[in-house]
Every structure is written in C-alpha cells, then in structure tokens.
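Trainee: Next come the chains, spelled out residue by residue.
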Amino acid sequence: MPALQASTENATRPPGQKTRVASVADVSKTYYMGTLAVEVLHGISLDFYGGDYISIMGPSGCGKSTLMNILGCLDRPTTGTYYLGGEDTSELKDDELSLIRGARLGFIFQSYNLIQQLDVLENIEMPLFYQGFSQAYSHRAAYQLAERVGLADRIHHKPYELSGGQQQRVAIARALAMDPLIILADEPTGNLDSRSGMEILDLFDELHEAGKTLILVTHSDELAERTSRRIRLLDGRVEQDERMGV
Amino acid sequence: MNEWVFDSLPPAPESRRHDRRSWFGWRISQITRLGIKSIFSHGLRSMLTVLGIVIGVAAVIAMLAVSEGASFEAQQQFRDLGANNILVKSVKPVEVEETSRLGFGPPQAIVYGLTHADIQTIRDTIPSVSNVISSRIVKKNVWNLGNSMNVDVVGTAVDYPVSRNYGLLGGRFFSDSEMRDHENVVVLSQEAADALFPIENPLGQSIRIDSDYYDVVGIMESEGFSNLGQNQAGASNSAPARVFIPLTSSRSRFGETTTRQTAGGMESETVELHEAVIQVDDQESVIGIGEVIEQILTRRHRDVDYTIEIPLALLRQAEESALRDQIVAGAIAGISLLVGGIGIMNIMLASVTERTREIGIRRALGARKADIITQFLVEAVILSAVGGLIGVVLGITIPFFISTFWGMTTIVTPVAPILAFSISAMIGVIFGIYPSMRAADMDPVEALRHE
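Sequence order for the protein chains is H and A.
Just so we're aligned: the first sequence equals residues 1 to 246 in this note's numbering.
Just so we're aligned: the second sequence equals residues 247 to 697 in this note's numbering.
Worth flagging that the hints you see were computed from the coordinates, not collected in a lab.
Quick caveat: nothing in here was measured; it's all calculated off a predicted structure.
A virtual CB, placed ideally from N, CA and C, is assigned to each residue, including glycine.
Be a bit skeptical, because a hint or two may be false.
As the list claims (entries may be wrong) - Computed footprint of chain H on chain A, listed as stretches where at least three residues anywhere in the stretch have a Cβ under 8 angstroms from a Cβ of chain H:
id, segment
1, 425-437
2, 608-615
3, 686-694
Claimed, not checked - Mimicking DSSO-like on lysine-lysine, the simulated pairs with C-alpha atoms at most 30 angstroms apart in a straight line are:
id, chain 1, residue 1, chain 2, residue 2
4, H, Lys158, A, Lys615
5, H, Lys93, A, Lys615
6, A, Lys385, A, Lys338
7, A, Lys283, H, Lys158
Chain H with its partners taken away, still in its complex shape:
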C-alpha cells in the first residue's frame, strides 16, 4: 500500500477521495495515413478519481478528441494501457468493450446524437436496452431520468420536435441511464445558445454535486472555469494539469 500511495499521491488527487475510476498509463496513439505515420498522443499518463469534475482543453489537433475516444473505449491506444474501473481495457474483446461502453461510460456529444426515429423515452432507455434490462425496468428508469432533466412532459416527443437545449438534456439523461463511472462530454454546449448552454452547465454542476465523475472536452474557458481540475493538452502531451479551489 505505501508503495502504491507514493505513486498516486500527486496534485491531481482530490482531497479525501480514494477511488480511482480510470487511468491512462503512458498512452500513445499513432494514425497511419498510407505510409505516413502521425503520432497524435505521445505517452500520456493521467489518473481520474471518483466524483471529479474535469475539463480537457487545448487547441485543435492537440489530441483531445483522440484521448476522448480512448477514454470512451471507442478507440484503443497504440501503446500504453487504459484502465477503466480496475479493468485493463486493452485485454478486452470487441463485444466486451461494447458492453463496457454501455455500462460504465456515458457519452454527451456536441450535436446531441439522438436517434431521430425514436422518441425521448426510447432514446434515454437505449443503453439499458443494450445491457439487457427488462422493458418495464427500462421504462421506469427512463421516465425518472426524463423527470430529473425536466422533460417529463416531453417523453413521447421526437428529437426534432425539441429545442437544442432540450435535446442535449435528453442526451444527458441517456448518459446517466446506466449510472456510469464516467460521463464524457465533447463540447456539450458547442451547438447551444448561451442561455441553454448555461442551463446545461448548471445541470453538470448538479451532477457533480451528486458525486458523478465528469470529463468535459471543450474550447470554452467559461465551461472550464466551473470544473475543479483542468487539463491542458498541447501537441499530444499534457501541458498543464491543475486542481482548482482546494
């Protein structure tokens, strides 16, 4: 235990927080375009703790999206290891990875990514559907989540009948459906006007207060200001990693 503690005792550890939900260890990612190899991430190591509120920032092409995809188990690192909930994801098969995505991760996208043919309730219950929950349980859970994001009166609307802010709230409810370890949000307010953006950020604050772990990828300083840990990437390396308001 002491040896381990020594290795993890750093500035990014929130006070009093013991559980590490995920960590990337010396992760690098190389894309091959024909014969040309482009290394996007150069050996990044980061630990993420339960209940943390993290923003990842950086200019375009710095590798945030790639890091995000790796954290979301949508992509695998070229070298290095990604641990999620104590599991080494590089060992997992495609099907197991799919299940882990659905069970332990919640995704929130810039363009909401709701399925247009399905109504609000069906969109929210989709992760539950793929995890094999019963219809009755899923309906109940989805309704509660819709209530929680303030859309209880819209559960049978289709996404195109909702405003952007409402759609993003559906996406948040969907991300919460499996009570994931980490909620990953990619520019969650990028397509929203400032007022609905604010509302979404307030919702994130609430989730943080409720003990959820959030990782936001963003360009927006306004968004980053709310977070308690700010990671800055530059050219595929961690340039800055600071904890605020301790």
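Use these hints to put chain A onto chain H, whose structure you have.
Mentor: Okay, now just chain A, sitting in the frame of chain H:
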C-alpha cells in the same frame, strides 16, 4: 490493490443481461418496429426494391397452380378412360372424303374403319388382351311421344360401363341374354333421360328409334369425359347425348350402312365398328401392346382410318409437361428472386450508409456487433417478407382470374405459397448478411464523425 474496489459499482457487464427471455422479446419487437418504420419512411423506394421478389413469388405460385390444374385434368381424364384401356376408333380417312366428292351420280357408300375381323385378330394375336368392348355409334332421332332428341345410339357390349368407369344412376345395363337375343332394350344417358322424360321416371317406359320401340332398362350417370363422341364422324362440337343398346340389336335394326345428311347432300358410309375399348391385364404392358395393335392395324388397313389412344401414354405426356412447367417455374423463380435479392442488398447498403451515424451512436451506447447485424438483418427480412407476402396474394389471385376468364383448371396447393414465402424470407437473410456485416464492422469513431 483495494484502491480499485468500488462500493457503488455496478456488477460486471456480462451479468447484467438478466431476465433474458423478456429482454429477447423486447429486443425483437423493438428492432422489428424500427425496421418497419424505416421501410415505411421510404415507401416508394421499398416498394420498388421488393418488386423483384413480388414478381418472382407471384409467378411461381401462379405457374405451379396452372400446371397443377393441368395435371389434375389429365388425371381426371385418365381415371375416366381407365388405366388398363387402349381406345381404338374409326376415323374417316382424308383421301376417301376427296374421292367421294369428285364422283357424279348417286352417292356411293364409303367403307372405312374398324372391322370385327380386326378385333378378332387383336384378340387372337395378343394374349394379354383380356376383353374388347366394341361399339357402333349411329346418329338417330329418338322419340318419347312428342319429345324427340338427336342422339348417338351406341350399340355396345355388356361390359361397357365397367370398362369406362361409368356408374348407373338407376336400373341396370342390358344383360348377356338380351345381347344374345338382339332385344330392343335401351339404357339412357342422364342428358337423354332428362330431355325425353322431363317429368316421369323413364325406367319401365319405352322410346322409339325409327319405327322400333325400345324398353328403357337403365340410366347412366353423366359422362364426365366424352371425347369418343367428338371424334365420331359427323359429330358436332358439343358431344351429343348418348343412349346405349346391345351391339347385336344395333346391327340387326340399323344394318352396317348409315346414311347422313351433310351440307353437300346425302352421304352413305359403311362402318362396322366405330370404337373399341381394348382392356389389358397388366398396366405395365399397356403402352407396348398399343404399339403392337398399331402394327396389326397398319398391316390390315390401306388407309389410316383409325386412331389409337392410350390413356396411360396421355398421362405420361401430361406428367412430362407438368415437370417441364415446374422446371420453367423454378427457373423464373430463381432468376427473379436473385434479382430481387440483389435489389434488397443494394437498398440495404444504401440504408447502412445513410444511417452510419446512427450505427455509431448505437455502438457508443453499448450495442455489440451482433446487435447491429440483427437490426439490419431483421430489416432486410421484413423487406423481403413484405415482398413475399404481396407475391403470395398476387400468386393466389392470378390463378383465380385465369380460371375465371380462360376456363382453365388451376389448383393452388398450400405448399407453393408457403414454400415461396419462406424462400423470399430466406433471400432477405442471404442478401442482408453482407450489408449488415458492413454496418457492424464500421469503426465507431468514424461512424460518429459521419455527417
């Protein structure tokens, strides 16, 4: 390592697929609903896509119905004519007709056709011929008081009803002794009985032919198949009704010569026998014996003034043509289902490309490759099954119209629609596999980025 122990963690993902049965039902119903939605959101496109399947399935069912009907008719005919029978009939030869027209003066009697000697030779030469029922057919007006009718008076043997599978409606057929004694007895066909005796029971009554009276002893059931009458010289298109008298009586009352009125004037002809049903012991040898009979008659007749019909050969022919129909139907089915399948594959590939983003979303939310494959496969099967269903409906309707407007017998067996429908659903699976696999193999990151 207790750092990695999480109190609030959900159990391992694998174990979360609990309540499998109800979940399976939910998944299938969800996926099916989604598939139907996406098919109906592109109504016209989907219709055009399944057209190949529709045509294929409909064509197969309709063709099989027609061929089934034809072979049913052939079997019906076969049953009526008897499996062990060979039918030999007299036909007026063409040359004789011409020479009789050229001559001047009083009309000469034309002599043609089968003779008693022919029949005797056949009986003597071929041992497996068990019985021969020879008949003379003479056109006469028959009378019952004021009611008269033009009929074929068939002078025949006692075994006639047995040889042709005709049953009696009432009374009896004439007997051996009546045959021997040249008695004036008659058995009416149902048509003749109805026309001559509209009210009273004809049994025990008598009818008049020429100047002689004949006692009615029996009534035959309606002849289902009476092509014998049609081939008979002078027969009109619709076979006239028949009455049956002993062959001996026919010869002694009407003589060997018959005179008939034609458009050109009076014409006489001498025909000993108009038809003969030759019964054979063994069904296997019927066709061979038919050939032997043909040889015998060729030797004995200068002109071809006879025809030989073998019901078994007709049946074989019908079976052959039914088989040919089925092969043609199968080929049409194969080609149009192949084309239909390619159409479905094409549209499924388009659908996969269109819904790349949706696939990415689903993968991000936990869908496994198998889930994606199932979704697109179900959609392809729904598409082809809808086509198959329309095809089945058309395929059942078309034979109905064929039999209504062309009077052909068509029979839709339950096997054809079921088979055609299952094949069309299978086409959906076969041609849906590749597009579904392509959907499942998409990189989730790429798929999510897709516009």
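Trainee: Run every hint past the structure and note whether it holds.
Mentor: Here is what the structure says about each hint:
1. Proximity of the segment 425-437 of chain A to chain H, defined as three or more residues with a beta carbon under 8 angstroms from a beta carbon of that chain, is not established by the 0 residues found.
2. Counting residues of the segment 608-615 of chain A whose beta carbon lies closer than 8 angstroms to any beta carbon of chain H gives 8, which reaches the threshold of three, so the coverage claim holds.
3. Taking a C-beta to C-beta cut-off of 8 angstroms, the segment 686-694 of chain A contributes 3 residues in contact with chain H, enough for the three needed, and the coverage statement holds.
4. Between the alpha carbons of Lys158 (chain H) and Lys615 (chain A) the distance comes to roughly 26 angstroms, so the proposed pair stays at or under 30 angstroms and holds.
5. Straight-line distance between C-alpha atoms of Lys93 (chain H) and Lys615 (chain A) comes to about 11 angstroms, which keeps the hinted pair within the 30 angstroms bound.
6. Our distance criterion of 30 angstroms between C-alpha atoms is met by Lys385 (chain A) and Lys338 (chain A), whose separation comes to about 16 angstroms.
7. Only pairs whose Cα atoms come within 30 angstroms are accepted, and Lys283 (chain A) paired with Lys158 (chain H) is accepted, the gap being roughly 14 angstroms.
When the structure is compared with the earlier hints, a violation turns up for hint 1 alone.
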